[in-house]
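Undergrad: Line by line, the protein sequences give chains A and B.
Numbering of the first sequence is given in my numbering, commencing with residue 11 and proceeding in unit increments.
Numbering of the second sequence is given in my numbering, commencing with residue 1482 and proceeding in unit increments.
Each hint should be verified, as a subset may be incorrect.
Claimed, not checked - With a Cα cut of at most 20 Å, we get these calculated DMTMM-like pairs of lysine to aspartate or glutamate:
1) B/K1487 x A/E208
2) A/K374 x B/E1591
3) A/K197 x A/E208
4) B/K1552 x B/E1597
Said to hold, decoys possible - Heads up, incomplete: computed chain B residues facing chain A, CB under 10 Å, no partners named:
5) L1495
6) G1500
7) I1503
8) L1522
9) V1545
10) A1605
11) T1631
12) Y1635
Since the hints were made in silico from the structure, they are not lab data.
We put the CB at the ideal spot given by N, CA and C, even for glycine.
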Amino acid sequence: MHSCNLDVEICKLSKIEGHADLDIKIRDGKLKEVDLKVMENVRFFNQAVVGMQYSAVPQLVSRICGTCSIAHLTACIEAVEKTLDIVPSRQTVTLRKLTTYSMMIRDHALHLYFFVMPDILGIDSLLDVPEDKHDLIHDALAVKEAGNNLSELVAGRAVHAPYEQVGGFSHEIDEEKIPAAVEGLKKIRPTVLKLIDEFSKCDWEFRRKTNFVALTTDDFSFLEGKIKSTSGMEIEEKDYWDHLHKVVLPYSQATSFDFEGHEYMVGSLARMNLNRESLHANTKRDAEKYLAKFPSDNVYDNNLAQAIEILHAIDHTIEILENTRFQKEEAAKPGRLTGSNAGAIEAPRGTLYYALEIEEGKVKSMKLVIPTAQNLVNMKKNVEQIVSGFCALDSTKEELEKNIVREVSKLIRAYDPCMSCASHFLRVRWK
Amino acid sequence: MTENEKKRVGIFSLTCDEGCGIFLTEIFNRKLVEWLEKIELVYFLAIKDHVEIENLDVALVEGVVTSERDKALIEKIRANTKILIAMGTCAITALPSGQRNNFNINQLKEIEGHLEKYKFLPKALSVKEAVKVDDEIMGCPIDREKFINTFEKYI
Ligand code: SF4
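Kindly produce the complete structure, drawing on both the sequences and the hints.
TA: So this is what it looks like as structure tokens:
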């Protein structure tokens, strides 16, 4: 047990709409405070959409986030459609599932291979892996590429997908390209099984009782269903906002939320805890022994859950592509031009909710709830527990610093806080 | 090529969604292994921690210059790189990430407190307006072929 004073500042922690810093203050050997400061420059999307024609809004909000742009696009389209009584066709719904799967494959792969794997291997960057492990770089790029190709085939591009629009898709799938896409997915399937096995062997552990919340779907397709929590709640998508309370984070350019008055966690781990029964049959068959780990309250199992979700995305996509004939369709039309409603989907990092008020086809207001923002309170409490644990140990001040930075960075990265800058916070500045 | 002869490349994000950087990681899927023969990635927070802004041959920059912090960063990048390439429409035209530039009075009123508190510049600037750029790649996000052609000129 120390009696030291120590300030630890971890710079550029994660992205909400960008960067966040983490400041930890230890006084007389005890944790005094953990400040999670979201430092990113706001780009004022809530204001920018006011007065815009409804059909243009989804492509604009896609620009909120580069890596999960498809999630913003899809959730916003859903909110517009529910507000204006637009009923998408079955084919449109299928294409949205494929688009979402393409995002999950490449986004989770980026996180697992490029952000987390270096921690497992004890290196700075995947590019630094020793020669005998160079396969990992090839695996990483191949899995990402299969997801990227699927995005291109279905939605035109992986980032700011141009074909996905209100009411339907502007381009049909080029059926001639389907066999190559299926083959590409089949080729990476064994690689993904290897990745799952790798993460199942990771012995990192951090547990703290919390509530998990996720939108649960019949076929684990991330788009339409009921929002459930491990505390036993079951609510409609549109009512989600009523169960959340804003939590202000001092010094931050962002807010967080609690659910029913308590902190909670959203994301892959929540989905796996609440909805794993709905995974694809082939995924359940081949990942059976790994699925036995769930439900889990070990935050690091979020990584394993993501790897399993890649497999599910591959399996369900193969089934859809092999059994569907796609045809040209007109976009579905609005039943009215004024109203208010909301839609929620599961983005890679958790439940993403959009609520809109539209008047005569123009947006009057927009509210959104971003996955990483929801996880901030939970993350902060986890950090507090880790730091207090280290403070209670008998170690030198240097060891204390080192342990805190290593474990806190690793833990926060397991949440996959939004964006490529998930690894920013590895950069540490000492006061 | 020896390590010393490799071009030192940095990839930077100012205020934006990092969509160009993310799309670049998709371009990497097919090109990275080949490029690593010729370049050393010395700054790319998406995939590495130990980063330097020093003695760069090529800096690829996405996003807009919206705050004093952004301005200091882009000036530092410019001072430390031979070639600076603006990536994406944000870096070239300030849109979409600098959309506040087009706000009407009501919209501006809502955000003015925030602008002041966090030391935003009066207007969001494109990278081109803030410093001299040597080349640019249009698109939101950058176009794959244009990126490859432009980038390969400098490595
Ligand atoms: S140009 Fe588009 S994709 Fe690139 S950073 Fe700006 S908003 Fe993102």
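Undergrad: Which earlier hints turn out false for this structure, listed by number in ascending order?
TA: Per hint list: 1, 11 and 12 violated.
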